[in-house]
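Starting from the known structure of chain A, arrange chain B on it as the hints suggest.
In case you want the letters, here they are:
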Amino acid sequence: MQTLINIIAQGLSLGGVYLIGALGLTIIYGVMGVVNLAHGELIMLGSYVMALTVSTVSFPVAVVLSFVLVAGFGVVLDTVLIRFLYHKPVASMLGTWGLAIVLRQAVILLLGPQLRYVALPIAGSFALGYGALVSWWSMLLFVVAMLIAVAIGLILVRTRFGLKMRAVTANSDAAESIGIATRNINRWTFALGCGLAGVAGALVAPLRTVFPGMGLPYLVGAFLVVILAGLGNVRSTVIWSLLIGLTFSAVAITRDDITATIVVWCAALIVIAFRRTSVVVSRV
Amino acid sequence: MLHFIRRARTADIRVQIAIGVVLVAIAIVAPLVTSSFVIGFFALTFPLAILALSADMMWGEGRLVSFGQGLFFAAGGYIGGLVLIGKQYDVSGSALSFLSEDTQQPLMDRVLQQLHDLAIAGVPIPALILPAMICGVVGLIIGMIVFRVASPEVYFPLVTLGLGVVGGLWFNDLSNVGASNGLGGIPSFTAEMGPQQDPIYNYMFNLAFVIVAFVGWAYFRRSRRGQIWRGAGDDAIRLEALGYSVRRQRVLAFGASAALAAVAGALYAGTSGYMGPSIAGVAFSAEVLIWVAVGGSGRVLGPLIGVLVVRWGQQFLSSNLGLQQSWQLFMGLALILVVVVAPGGLLGIRLEPLRQRLFGRGETKA
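Same order as they appear, the protein sequences are chains A and B. The opening position of the first sequence corresponds to residue 1 in our numbering, with each subsequent residue numbered one higher. The opening position of the second sequence corresponds to residue 1001 in our numbering, with each subsequent residue numbered one higher.
Treat the hints as calculated values from the structure; they're not laboratory data. Each residue gets a CB set at the ideal place from its N, CA and C atoms; glycine is no exception. Mixed in with the good hints there might be a few duds.
Here are a few chain B residues that sit away from chain A, every Cβ distance over 10 Å (derived from the structure) [to be verified]:
| # | residue |
| --- | --- |
| 1 | S1245 |
| 2 | G1255 |
| 3 | S1272 |
| 4 | G1273 |
| 5 | I1349 |
Covered stretches of chain B (in silico footprint by chain A; criterion: 3 or more residues with CB under 8 Å from a CB of chain A, positions within the stretch not fixed) [said to hold, decoys possible]:
| # | segment |
| --- | --- |
| 6 | 1155 to 1165 |
| 7 | 1168 to 1180 |
The shape of chain A in the complex, shown without the other chains (with noise of 0.2 Å):
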């Protein structure tokens, strides 16, 4: 009972994660057409952001300030960068690997290989009873990435912004003929995607080591659940999110991370070989 509680608790923290990377990429990939590898070290960068100012400004502001530095970023990314790799997915794939790599390099030319530990900002847990002890943080992580999943479907569908995105999904060109500024609304997609990965990352800094390689295994999780749930399609995302990272941990837990990353994309092959219909690139 206890390894269970253990198990749901970290599964939901880890899904938590995976869902926000997740849905950074998928509006990413929707609206621009672009495969962001680069998303992990995004991740990465918020952790770094988390780790330099948490010891300064109280928790809230520290994730704050991931989301709009990395943000912020990634409007500098997208002017220097992405707006050249637009609607060409292997292209888009190979730029922004590169991409990853000259971030990893400029991380570790200007801050150093070291390994960093960010302390618990709200320590402590609560007992569920049977001995089981779940961390406040790791619920937070959960609470805060389905508040995130929520406010991005809202988004999504109530607000004119959402509107455009979504035309800009359906049809560029002819959003761009109608008259919405398409290449504001790539920025600005592009720009909240990276928040959303800085979020992720400053979310996830106080229960991993943080350190400049740090980004992959994030990154291949949140694609494998993107790679499950469809691009562009929120709620599903959600669900396959929440069931990796519970799929993980119970792997993870019982045995170790090795066989439970193993066990998961195996998983996930069968998942992708029985399905009945093919995984369709939908609408958001």
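Relative to the frame of chain A, chain B by itself:
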């Protein structure tokens, strides 16, 4: 029937043959005039050129980028290495079997020893065939699953990316092949022919494979099957309408690509004497894509030129300029630069205006 395939991409066949003959001649004469360091460099680079070719088989003609080529390369290297050694990795570092009463070797070791002894002219042929067979079958199975999904040009790279990560972790944990230490002390394919120190034997052995692979690929691209395969990358829907199964093309191509990568891995393991888990990881697979991108994807010589330029650049930067640390940074910048500025790589840089002036005829499309 397949008129829609870009004619412009295939250069005049006489020009191709002439270039090929000149390159082969240079490669055979080169050992007479260069140092053994250069020969060693090329001997180690040739398997990587074959690996790059295996990646371009998917990318250049099928528009499918694989982030898992390193996995097949490493798997081929491990299988080939085990057969070349003739027994599993010894965890304790020394053979303890004679200390125990039980002189019976484990089944795996006996099988490996048998395979090792199946040599033709001193070369253990199973060390090349076995990797190709095993990785080819694995590639076919993965292909059958992955190519079920719509728009594989997006999903295939992502699935292979995940496989690369999983594979890297798995080999890092597999004690039969040395886990995180990697499999060292692999004897060369040409160990029975001459002294191991002289790289000329490895050079010639690997050169033969490079020639076979690249000439075979150039020939295949022109053949009917090759044209159908290129059609799958050009316009999958139209090829499907003509009655060919695009999915079958892709599955077969991935199987062939995996098998070729595995053979390259076995050659590499035999040449360097080592195969490690980091080679199975995604970072190395992405490096393979950087080679192809720099050389120019979709060209016969693109992978070869890309490997030589990048590896030579790496050698130069790290030994002559002492920039070993920032090598990765250069790779990333090079990749971004190629993707944005020269999507066709070095071979794709437009020379049409110059060619028109020199020969009076030009190709309209690149």
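Hints the structure fails to honour: The structure conflicts with no hint, since it agrees with every one listed earlier.
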